[in-house]
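Participant: Listed below are the residues making up each chain.
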Amino acid sequence: MRQTWHVPRAQAAQRTSSAPAIMCAIVVLATACLPLPLLAQAQRATAVPHIGYVYPAGGRPGTTVRVVLGGQALATPLQLWCDCPEITTRVLEHIRPMPLQRFNQIREQIRELESKRRQWRRALATGSDPGSNSWTRADAQQLDELYRQLAKNPPNREATPAIAETVIAELIIPATVQPGELELRLLCAGGLSNPLKFVIDPWPETTKPPIRPAHPELDRVLTRAGYPPISPPQSFETNVSIPTTINGQLPPGGVDKFRFTALAGQKLFIRASARRLIPYIADAVPGWCQLTLAIRDKSGKLILFADDTEYDPDPSLCLEPARDGQYVLEVADALYRGREDFLYRITLLHAPDSNAPTVQMAAVNAESEAEPHALTASQTTKHTASAPIPLSLPLPISKKPSAAAYLRTRPELTSIPTTAETEPNDTPGAAQVVVQPTLLTGCIEHADDVDCFAVTVPQSGNLALEVLARRLGSPLDSVLELLDASGKIIASNDDHPDPAAGLVTHQADSYLLCTNLVPGRYLVRVRDAQGRAGLDHTYLLRISEPRPDFTVLVAPASLTLRPAGGASFTAHVIRRDGFSEEVQLLIAEAPAGVMLEGGLIPAGAHQAPVSVRVRPGAIPVFTPFPIKLAARAGAGSNQLVRTVLPADEMMQAFAYRHLVPASELVAVMVRPREALPGITLLGPVPVQIRPGASATIRLAHHGTNLPTAIAFEPVVPVKGLILGTGVIKSNILELTVRCDAIDIPGAVKTNLVIRAVRGPASGEQGVARRAPDRVLGVLPPVPIEIMPPL
Amino acid sequence: MNTHSRQENLLGSHWTRRGFLVRVGFGIAGLLALARLPRLNAEVTSINASRAVPDRPKANGAKSVIQIWLWGGPSHLDTFDPKPEAGPDYCGQFQNPIETSVPGVRICEALPELAKIADKYVLIRSLSHGINAHETAAYLVQTGWPPGGREVHPCIGAVVSLRKGYEAGYTGLLPPYIVLTQPQGRFSEAGFLGNKYKPFATGGNPAQTPFAVEGIVAPGISTARQLRRRQLLTQLDVIPTLLSNHPQVQLAVEAERQAYEMILGEGAKVFDLSTEPAAVRDRYGRNTFGQACLVARRLVEAGVPYITINYTGWDTHKQHFQTMRRMLPELDRGLATLLVDLDQRGLLASTVVWCCGEFGRTPRIQWEPPWNGGRGHWGHAFSALLAGGGIKGGQVLGATDAKGEYVKDRPVHPAELLATIYTLLGIDPHSTLPHPTGESVTVLPETTPDGRKVEPIRELIA
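So the sequences go chain by chain: P and U. Take the first sequence: its position 158, counting from 1, is numbered 158 in our numbering, and each next residue is one higher. Take the second sequence: its position 28, counting from 1, is numbered 28 in our numbering, and each next residue is one higher.
This is chain P alone, in the form it adopts within the complex:
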């Protein structure tokens, strides 16, 4: 529920004109580094930018790469922000689809000029006087310019609005930059975009020209006039030399072909990245570019094909040619879908290649089927915040980038001693005796393999069992069972959800939390649910007493802060082993003046909104800065402090939402056209309320430029709480909140984070605009205590 009211116009005008001069001075000083026209535009735009792709999604050290970023609300791009400070970036151009009105004007002008030229030609042919239809050089230039404008940014109904705008930028990558994954964000007038991956590889790059959405109608016009069509060709073919990294974008139905020469006796590794670059595409099923690789010989005969690598949707191949000759690598989407964000990078390497350190690692593991993973594993550890895996993991898992990424969320595992599985242990009688706590490294090696471990349940009667396999990149689909001394299964689990594994679409790991067991000897059994096995079916098995712990992820990973209004984000708490305490978020590292508000996640809650605000004048506008957060729970010797991990909530295939890790939480201050004045919360706090009753939230606003139409709404609706009517009395803002709880079982403490948005103007019918365009800022969080019913 929201309340909107309109401030009398005269009053509003007065307020606007008397904005505090000191604030203006701060802004002028802080933005002095921006060109004035850009600054003026920046202050007009308010929509937060969103980028859907960066193409090419990588580059080579020692080169300058020109990239295309496709997205929405990219007006007035100011900076391409990279998390590697050695890389210099430059924004070159912003292209947005032409307004229809302008398109019609151009079309009309072209029609007139073409008509004039026809008449002139006809007159020339017949020898008659062309009169006013003389065709001049200026006419020709004008016509050429009109066609050029048309080809550059035509309106296109076939285009996807979310990636219809493009920004051209340049990255200068020094030779000293190490290979690895980086993140790029686009800073525009409206704020800071979401991050997208940019991969540094050491090999020469082969980049297919960027594609644009098909526009057959315009193609006909352009080709008739002798201009090249803008629609991408269905197939693309070129020669490449090995080693190389290939960049491409797939149009609908597109098949890209890359010819290369290989010799008998050589070994070629081909590793594709598509889902790795853009993990989820919201409006595609399945929710990513499902790349396929095929290798054909010169005669066209299919030699090799791959559409994945085990459970990784990105395919890889290892080619050992039988004879010298030319081969063709074919690249397509498995469903022949295509769009600008269906992009890929493919690395073709000879092994061994002593010139590249990553290839050395590939050579070491050349016998392994999972070979290509070695390449990516080494790449991912360079720039991302992922530390080297501090655990002794089985080989196939230790090479997986997903293992390193996931284990960042589980630092508590490093304190558990590891034990290796010892075969044979397939039967209860042969069970391997282990002492808890332990982190077992095991493997389901053959189809009938069942791993049994004998463990003693302590006096507490509590035991936590957890398999980590799929989350670390292992294909194992585990089933976990606990048996008593008589061999009776007393608990079992197949799959247990884990929101921290945002990149795993089939979380198949098992987990059991057993309480009130009779102390004594038990049997823990692990097997594969599908009866599959192999040397790569490795796992970690945690056997311990419950170790209540938590992981906190915050989303989004880019924050656009408004003066006084700040910004809000959502903290997601993943509770483990029965952890139910409240969690307090803290700033671990940020520029002076950055304040976290309401960082309390109530006991038992899985998510809570949090706001961040900057002291006026502390941070210059349009200057991105990272924020590091920590989360604390408990007290004294039981206190737990964990690093908070930034993430972006991404949607897959229209329905599923995932928290995808990002390298950093980055914020930027903007200067919007409309902003909130400073607002503080007045007492009494916490606001206490009972089901069926109402309470009043009192706030004071310390400015005079309140927007003329303003509304308030919760950032994340709290079930059972309805924000009701609001009243302005002088500088006091009173909002009523009603508790309509129908299923709140007892006392609940939470923070109500409310944002102010520009409401519909008086007389406006409906709203057809994006909500982010209307956000004015976030109010200070309101501690709410829902009391039990009387």
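Check each hint, because a few of them may be wrong.
[Unchecked claim] With a cut-off of at most 30 Å between alpha-carbon atoms, the simulated DSBU-like pairs for lysine-lysine come out as follows: (1) K749/P x K408/U; (2) K116/U x K392/U; (3) K197/P x K318/U; (4) K408/U x K719/P; (5) K749/P x K628/P; (6) K267/P x K257/P; (7) K453/U x K719/P; (8) K729/P x K749/P; (9) K152/P x K197/P; (10) K267/P x K197/P; (11) K719/P x K318/U; (12) K152/P x K116/P; (13) K298/P x K267/P; (14) K152/P x K318/U; (15) K628/P x K197/P; (16) K301/P x K267/P; (17) K298/P x K152/P; (18) K408/U x K453/U.
Everything labelled a hint here was simulated from the structure, so no lab data went into it. Being a predicted model, the structure only gives us computed values, none of them experimental.
Given the structure of chain P, go ahead and fit chain U onto it with the hints provided.
Facilitator: Quick look at chain U alone, frame taken from chain P:
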């Protein structure tokens, strides 16, 4: 399924329905006829029908059902459960719901015709199942059973086809379960009952002339030409003559006769909308949905027990409000005219009309890219319209919270909605269905996931 295998064995391993059609050269027309073939031979079709518990009719006023299936899941906020007080991020362009003929009941402003006749229908605003995927939600809403179990349950149309079709004395020429125009998909059809109870999907477009019903109306082929074809086929096909005593051949000959009767006789006439006055066709709306409503009325008049209008296009992730502005007037006009027309012809009292999708849509508008003002899937709360056949109109059942996100009062599970329709038809929702392996499976589950006994909604039955 066992049913199907048995049939194949009896017909000969190569004589599947489709294969048989090809052999007799019937083309598409024969398909429809052969859909009825099993009823001609009790042995062929017998599964464990003897195990089925006979129905105990309770309220037996309804004879037909028209299901208007809004495939994709329409927004409940933008149709039958408006929340103007929730603000623009929930209402978007529809912030001014209109009063209906029932005091205090408001619906979306884009449904003015339905607003005028609110006394004829019930709005259920508290449907909920919590599933956000199309197939599984559609399965649940149409079968009443949660997805993922061991059985594939039949949808309500298939159950009605079983209990009100040929084996229950239905003698109509047209199949007892007809879908206009495209089938709803594999998750919502006959289930373990077998292919015999699958719907006949008409194909074609009723807004075009002629309405080219697959297997009945062959575009571009006149009746005379069709008769000449039949004559030629008879001359070429010597099997009926050579094997005239074979029971399966006799069946095929009879099926052929009936198929021709349908495509050249009364069957085709039902689908011939040119016999309707232009004014009537106009009232329904000259679009696919409007004309499908008109065909549905004609099918009810022909005695068909279950008709589904599969009305697609409600999966509005993007361009939501543009789509709603286009489709709501179609729905409004077609559905309101159908209810009024049935009522004026005295058919509404014996025809249940129900209209809903597999779920609702996210109450909060998704303004962010790539949706840009779309709505996602929302199974926590959605609405249905129910009329006729003994339904007590002019009321609203249940309520959602202030933003339409969750059910607040009188939760209704789809199984309870289906139980109501079954009861109106005189079908016991807890009777046992014939099962190919003899399992005891009831029409609907005993309880809802939250423990309520699945019973007809008494408040709705007149």
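Participant: Are the hints correct? Go through all of them and say.
Facilitator: Okay, the hints, checked on the actual structure:
no.: 1; hint: K749/P x K408/U; in the structure: holds, 22 Å
no.: 2; hint: K116/U x K392/U; in the structure: holds, 16 Å
no.: 3; hint: K197/P x K318/U; in the structure: holds, 26 Å
no.: 4; hint: K408/U x K719/P; in the structure: holds, 11 Å
no.: 5; hint: K749/P x K628/P; in the structure: holds, 26 Å
no.: 6; hint: K267/P x K257/P; in the structure: holds, 20 Å
no.: 7; hint: K453/U x K719/P; in the structure: holds, 27 Å
no.: 8; hint: K729/P x K749/P; in the structure: holds, 28 Å
no.: 9; hint: K152/P x K197/P; in the structure: holds, 27 Å
no.: 10; hint: K267/P x K197/P; in the structure: holds, 29 Å
no.: 11; hint: K719/P x K318/U; in the structure: holds, 27 Å
no.: 12; hint: K152/P x K116/P; in the structure: holds, 24 Å
no.: 13; hint: K298/P x K267/P; in the structure: holds, 18 Å
no.: 14; hint: K152/P x K318/U; in the structure: holds, 26 Å
no.: 15; hint: K628/P x K197/P; in the structure: holds, 20 Å
no.: 16; hint: K301/P x K267/P; in the structure: holds, 19 Å
no.: 17; hint: K298/P x K152/P; in the structure: violated, 38 Å
no.: 18; hint: K408/U x K453/U; in the structure: holds, 19 Å
Hint violations for this structure: number 17 only, all remaining hints satisfied.
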